[in-house]
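Novice: Just so you know, the sequences run in chain order A and B.
Per my numbering, the very first residue in the first sequence carries number 8; after that it's consecutive.
Per my numbering, the very first residue in the second sequence carries number 199; after that it's consecutive.
Since the hints were derived computationally from the structure, they do not count as laboratory data.
Warning: the hint list may mix true and false statements.
[Unchecked claim] Among the chain A residues that face chain B by a calculated CB cut under 8 Å, a handful are:
(1) G91
(2) F109
(3) G111
[What the hints assert, rightly or not] Simulated pairs of lysine to aspartate or glutamate, DMTMM-like, Cα-Cα distance not exceeding 20 Å:
(4) A:K64 - B:D293
(5) B:K304 - A:E107
(6) B:K247 - A:E82
(7) B:K256 - B:E286
(8) B:K240 - A:D92
[Stated by the list, open to error] Take a look, some chain A residues computed to stay more than 12 Å from chain B by CB distance:
(9) G69
(10) R80
(11) L90
(12) L97
(13) R115
Note that the coordinates shown come from a computational prediction; the quantities given were computed from them, not determined experimentally.
For each residue, glycine too, the CB sits at the ideal point set by N, CA and C.
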Amino acid sequence: KAGVTQTPRYLIKTRGQQVTLSCSPISGHRSVSWYQQTPGQGLQFLFEYFSETQRNKGNFPGRFSGRQFSNSRSEMNVSTLELGDSALYLCASSSGPVNEQFFGPGTRLTVL
Amino acid sequence: AQSVTQLDSHVSVSEGTPVLLRCNYSSSYSPSLFWYVQHPNKGLQLLLKYTSAATLVKGINGFEAEFKKSETSFHLTKPSAHMSDAAEYFCVVSDRTGNTPLVFGKGTRLSVIA
Numbered sequence: 008k009a010g011v012t013q014t015p016r017y018l019i020k021t022r023g024q025q026v027t028l029s030c031s032p033i034s035g036h037r038s039v040s041w042y043q044q045t046p047g048q049g050l051q052f053l054f055e056y057f058s059e060t061q062r063n064k065g066n067f068p069g070r071f072s073g074r075q076f077s078n079s080r081s082e083m084n085v086s087t088l089e090l091g092d093s094a095l096y097l098c099a100s101s102s103g104p105v106n107e108q109f110f111g112p113g114t115r116l117t118v119l
Numbered sequence: 199a200q201s202v203t204q205l206d207s208h209v210s211v212s213e214g215t216p217v218l219l220r221c222n223y224s225s226s227y228s229p230s231l232f233w234y235v236q237h238p239n240k241g242l243q244l245l246l247k248y249t250s251a252a253t254l255v256k257g258i259n260g261f262e263a264e265f266k267k268s269e270t271s272f273h274l275t276k277p278s279a280h281m282s283d284a285a286e287y288f289c290v291v292s293d294r295t296g297n298t299p300l301v302f303g304k305g306t307r308l309s310v311i312a
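Please put together the full structure from these sequences, using the hints given.
Specialist: The following block contains the structure:
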């Protein structure tokens, strides 16, 4: 069974631009969560989707948004990028909101 | 509300000696608990999970953890460290309702000295 895939793996953007990251969950998984990981703040929860509905949202500004499609694939978007948005963005999928999560390799975003 | 405290930000052991990574949790519900490992520039990999069955949980790569409700602890152990165990380890708690997201500890960096 293929694992969680994230594209692109690396991304370089400049301040003010926007970016879209993609996540394909494990086949059959309907729950997708997104996390931001930085050396200073550690792992921070962004949002969680289940069957195309946002179930939970972390404490991030409205510039961060996401969505989930009917095939469970998910995207997250960050608008008006700031230097502080440079981070590893991790996607995780699970078969349900209470089950263990399986993580993708992450997308490394660098904002210049 | 739930929370996780990993008591050590960095642990250093010699190869072949035991590993102990400490985790305390707080949860209003009977929790599920997980340990994940992250190698440099990689995603997180599930090591083991506790979901209210046996209190001693065995995971991959020789790791195990014991759920102790009276101490609200879920420490991760391994009898003999290997160089490949050097990584960041995260303790995670879930309230099992699905209404709140997983809560991650801040991580413990394990160094293994040859």
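Novice: Hints first: check each against the structure and report whether it holds.
Specialist: Hints and how they fare:
no.: 1; hint: G91; verdict: 19 Å, violated
no.: 2; hint: F109; verdict: 7 Å, holds
no.: 3; hint: G111; verdict: 5 Å, holds
no.: 4; hint: A:K64 - B:D293; verdict: 16 Å, holds
no.: 5; hint: B:K304 - A:E107; verdict: 18 Å, holds
no.: 6; hint: B:K247 - A:E82; verdict: 28 Å, violated
no.: 7; hint: B:K256 - B:E286; verdict: 19 Å, holds
no.: 8; hint: B:K240 - A:D92; verdict: 19 Å, holds
no.: 9; hint: G69; verdict: 18 Å, holds
no.: 10; hint: R80; verdict: 17 Å, holds
no.: 11; hint: L90; verdict: 21 Å, holds
no.: 12; hint: L97; verdict: 6 Å, violated
no.: 13; hint: R115; verdict: 8 Å, violated
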